[in-house]
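> If you want the building blocks of each chain, they are given just below.
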Amino acid sequence: MAREAVPQLAARRRVVFGESDVSDFDDEQDLPTESMPLMMGPSHPAMHGTVRMALEVEGEKIKTADIQIGYLHRCFEKEAEYATWTQIFPYTDRLNYVSPMLNNVGYALAVEKLLDLDGKIPERAQYIRVIVGEISRITDHLTCLAAGAMELAAFTVYFWLMKAREWLWELLEEVSGARLTHSYVRIGGVVADLPEGWPAKLREALVKVRGAIADADKLLTRNKIFRDRMDGVGVIAKADAAGWGLTGPVARSTGLAYDVRKDHPYLVYDRLDFDVPVGSTGDNFDRYAVRLEEIFQSMRILEQALAKIPTGPTIIDDARVALPGKRETYNTIEAMIAHFKLIMDGLHVPPGEIYSFTEGGNGELGFYIVADGSGRPWKCRVRPPCFANLAILTKVLPGLFIADVVPTFGMINMIGGECDR
Amino acid sequence: MAAESSLPAETVTVIVDGKEHKFAKGMNLLEACASVGAKIPFFCYHPGLSSPAVCRQCLVDIKGSPKPVPSCYTTVADKMEVTTNSPKVLDVRRQMLEFTLLNHPIDCPICDKAGECSLQRHYFDWDGKLARNEGDKVRKLKVVDVGKHIVLDQERCILCTRCIRVCDEVAKSPDLTMAYRGSEQILTTAPGQRLDNPYSLNTVDVCPVGALTAKDFRFARRAWELSATPSVCPGCATGCNIEIHAAQGKIWRLVPRENPAVNKFWMCDEGRFEYKAVHENRIFLPQLGGKRARFDAALAEAARMLRVATAEEAGSVGVVFSYAATNEDTHALLHLAIDGLKIQRIYAGGRSPGWSDAILVSADKNPNTAGVERMVPLPLRTLKDLTSDIATGVLSTVLVLANEALPVPAATPVELVVLASHKGPLVDAAQVVLPIATWAEVNGTFTNKDGRVQRLHPAIEAPGEAVPGWRAVALLAGKLGMKLAYASAEEVFAEAARSHAFLKDAAWGPSSQPVQLRFGESRG
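Note that the protein sequences, when read in sequence, are chains A and B.
The first sequence stops at residue 421 when you use our numbering, and every number in between is there.
The second sequence stops at residue 1524 when you use our numbering, and every number in between is there.
None of these hints come from the bench; they were simulated from the model.
Check before you lean on any hint, since a few could be wrong.
[What the hints assert, rightly or not] Below 30 Å or equal to it, Euclidean Cα-Cα: the simulated DSBU-like pairs (lysine-lysine) are: (1) Lys120/A <-> Lys1088/B; (2) Lys379/A <-> Lys78/A; (3) Lys78/A <-> Lys218/A; (4) Lys113/A <-> Lys1039/B; (5) Lys326/A <-> Lys1019/B; (6) Lys1025/B <-> Lys120/A; (7) Lys1276/B <-> Lys1215/B; (8) Lys1215/B <-> Lys1129/B; (9) Lys78/A <-> Lys1250/B; (10) Lys1129/B <-> Lys120/A; (11) Lys1423/B <-> Lys1342/B; (12) Lys1137/B <-> Lys1215/B; (13) Lys326/A <-> Lys1142/B; (14) Lys1025/B <-> Lys1079/B; (15) Lys326/A <-> Lys1129/B; (16) Lys1039/B <-> Lys379/A; (17) Lys238/A <-> Lys120/A; (18) Lys1250/B <-> Lys1264/B; (19) Lys113/A <-> Lys1129/B; (20) Lys1148/B <-> Lys1067/B; (21) Lys1215/B <-> Lys1291/B; (22) Lys113/A <-> Lys1264/B; (23) Lys1148/B <-> Lys1215/B; (24) Lys1148/B <-> Lys1250/B; (25) Lys208/A <-> Lys326/A; (26) Lys1067/B <-> Lys1088/B; (27) Lys1063/B <-> Lys1079/B; (28) Lys1063/B <-> Lys1025/B; (29) Lys1142/B <-> Lys1342/B.
Treat the numbers as computed from the prediction; the structure is a model and nothing was measured.
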């Protein structure tokens, strides 16, 4: 499918400005017009994450769309080559910055595979990673739904959902010390145990979040204005989703039931019961509905994880991987040296390469890492899910109205920090 | 394998970790294993010293031997079967490290050696287990002033005796010894004696931990922040190979770099302080009549003076070469003075001779005397000749290249054009001064007393408007209408190699960027 799409794309771009040609339009009510270039973004309020869409429009209709990314390029991959393995965690926070925990976990799992620590991570740490990860997934989806609604003028919904997101971020702040840039996960586990009484707070918060979502659901799901902008707009075919490498809620909205947590289980996901919601038409409303349902599935996972989480250590007991405790470091030379070497040289990852992938907020978040035995990665490449998800807009947008760009782009949920890296 | 075909006729076959290898007869087992990639840690072994086998860190299993044996003390034998990584060997290494760490103080945060410490490295690579006891450690003396340049911390000492052997075998001055036994054993000097031999700072280099630290570098900089650049010591005609350790535009220490043909692993204490001059009394800007000037104006004035003087009477113009200047600077100046200006009066000077010994130190305290003498085709007059020629009025104008503060008479009636890096009476007396870079700031070569041409690499930026000597010469030549268009020191070297026989076989070699010790191979 994708192979056929390319010549079509090229044909659409062959445009002579000033020529009036309405043969593409089957809508007879359209008056003949001249095509016009229209730059949407990078400073357009709906182009959140900073992206530019070079549209070619004929009247209100989009003829071609050229998606230009790179405005949030931060040199993550190059920077990672100059940081120790542990120093990269703060950088991963800034990939998908509405679900940093998922990036933390994805990166840690990749390095742990290189270190051959798979299966040696304490169970409690694995459950904690699932819990903070799923909270992050909820905040990710809440952000997408809230912003998507707001851009269609449903400002009330935005505030209600943002409020719910804030309750969850407060919980993550309590765990990690930072509201947004958590850097909570470490190679070998997590940096600290959950605070006392925290599970109860999470349960309480989930009840409140359910209420907020129910309110938003009432305002949106059967709202004619909202449905008119979403239904049948930005339709992606299931075959295209597979062909263009789409993953996450965008792929699932087309009926492609691919979820890394189910298809390639990691951490303790194989012990938790949850469903993978899929759409049927692949339009914007399906993406909205899939995200909404995934929030409830994440809550299911959270409730099970809270019930099943065992007690025990939260980080691996190996001075060559995890920092020794403060008491040991200040009082024994062994721990002092281990601490010094881990901080100054970085932990030693044996030479090798790995592609490790997890289910991020927007789909398959992959890390391709090459280690040369030193304290830094030789190469650290990220497969950002929304890079592929965004690319298909060049195919989806033509034929839509300018106003359709906003909900369609919103439901793709492009996150600049992740897409541009 | 290519390495094996070049082995001497007498070889032995040794099985290292299950693979058969051929080694020269009489080879040290540790070196043999290391040469085929088997990693063996050690503290007391040093390739430039004898092996006492005291640290027990290099133990390996040899088939037929009831106990693990120290590989540094064993010679390869035919049909020997060696295991360097069996669980038993690894366990023994770990246990020896545990012993070594038992009384080691928790000093890493305040220890100069941290970051380039063998003990840290071996613990992390071979042990990695946390302490099993929390009893009090044996306390010893912390800050022992053992010598002019060195402070000893007896608690940190792991009793490897490398420093004792450096004094005995390299400096031939048995200053250090062990005293007492068991956990009370200490490194010390005899009562009333000091560690004051001319090679004492090599003990700091070989110390695997921070027991011996250099007063000069103590608490100056964290080792891993330094960047290393390969270079050559400018202190005397021996040309010891060194590494310049610099950070933030400043040199913090010089350490020897291995070269079996010149200095092996060592250098003298005097040479280590050669870096101080790089940062002292430097000239940053060109001067005209003692006042700051633009580079271009100074060049134009120098060119005018030389043009007028050579036009009036070429015989009254002299050129002074420096034995401290690189081959490239010398060649460029030679080109300008002899080929361009047709000057016949050539002088050369440098630092006055000093003490010498049979180990490394040469009496000639200049790094490139051999290079200058071989390059200049005319008879070289001395600085004494220069003084008398000035006094008798033979000279009217002198062009001086002085990488170091050259002891040229200051109060002179002659016109002086000076290309200098350092302030001094010569610069004060000069009409035109052009600032040039020192040995630590340039690409270039020195020729040592044996005719060995050795490469310098820039470790830091030259201060102010200083440029390499050859470039200053080339700019001056440009003002005189000559074409000396060198783009780099390498081009000067290539041209010099074409015109001087002794440079024919010398290679410029690859360029070298400073490498931060944190990311380079740890020196520990």
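> Could you run down the list of hints and mark each one as holding or not?
Cross-check of the supplied hints:
1. Lys120/A <-> Lys1088/B: holds (24 Å)
2. Lys379/A <-> Lys78/A: Measuring from Cα to Cα gives roughly 8 Å; hence the hint holds.
3. Lys78/A <-> Lys218/A: violated (46 Å)
4. Lys113/A <-> Lys1039/B: Answer holds: Lys113/A to Lys1039/B is near 24 Å, not above 30 Å.
5. Lys326/A <-> Lys1019/B: violated (44 Å)
6. Lys1025/B <-> Lys120/A: violated (47 Å)
7. Lys1276/B <-> Lys1215/B: Roughly 14 Å separates the two Cα atoms, so the pair holds.
8. Lys1215/B <-> Lys1129/B: With Cα atoms ~34 Å apart, Lys1215/B and Lys1129/B exceed 30 Å; violated.
9. Lys78/A <-> Lys1250/B: holds (28 Å)
10. Lys1129/B <-> Lys120/A: Satisfied, since the Cα-Cα distance of roughly 17 Å is no more than 30 Å.
11. Lys1423/B <-> Lys1342/B: holds (29 Å)
12. Lys1137/B <-> Lys1215/B: holds (26 Å)
13. Lys326/A <-> Lys1142/B: Holds, at roughly 25 Å.
14. Lys1025/B <-> Lys1079/B: holds (12 Å)
15. Lys326/A <-> Lys1129/B: holds (16 Å)
16. Lys1039/B <-> Lys379/A: Within the cut-off at roughly 26 Å; holds.
17. Lys238/A <-> Lys120/A: violated (38 Å)
18. Lys1250/B <-> Lys1264/B: Measuring from Cα to Cα gives roughly 27 Å; hence the hint holds.
19. Lys113/A <-> Lys1129/B: This hinted pair holds, its Cα atoms lying about 22 Å apart.
20. Lys1148/B <-> Lys1067/B: violated (44 Å)
21. Lys1215/B <-> Lys1291/B: Violated, at about 39 Å.
22. Lys113/A <-> Lys1264/B: Violated, at roughly 44 Å.
23. Lys1148/B <-> Lys1215/B: Satisfied, since the Cα-Cα distance of roughly 8 Å is no more than 30 Å.
24. Lys1148/B <-> Lys1250/B: holds (24 Å)
25. Lys208/A <-> Lys326/A: violated (38 Å)
26. Lys1067/B <-> Lys1088/B: Cα-Cα ~10 Å, so holds.
27. Lys1063/B <-> Lys1079/B: Distance of about 10 Å is within 30 Å: holds.
28. Lys1063/B <-> Lys1025/B: Between Lys1063/B and Lys1025/B the Cα gap is close to 19 Å, so the pair holds against 30 Å.
29. Lys1142/B <-> Lys1342/B: violated (65 Å)
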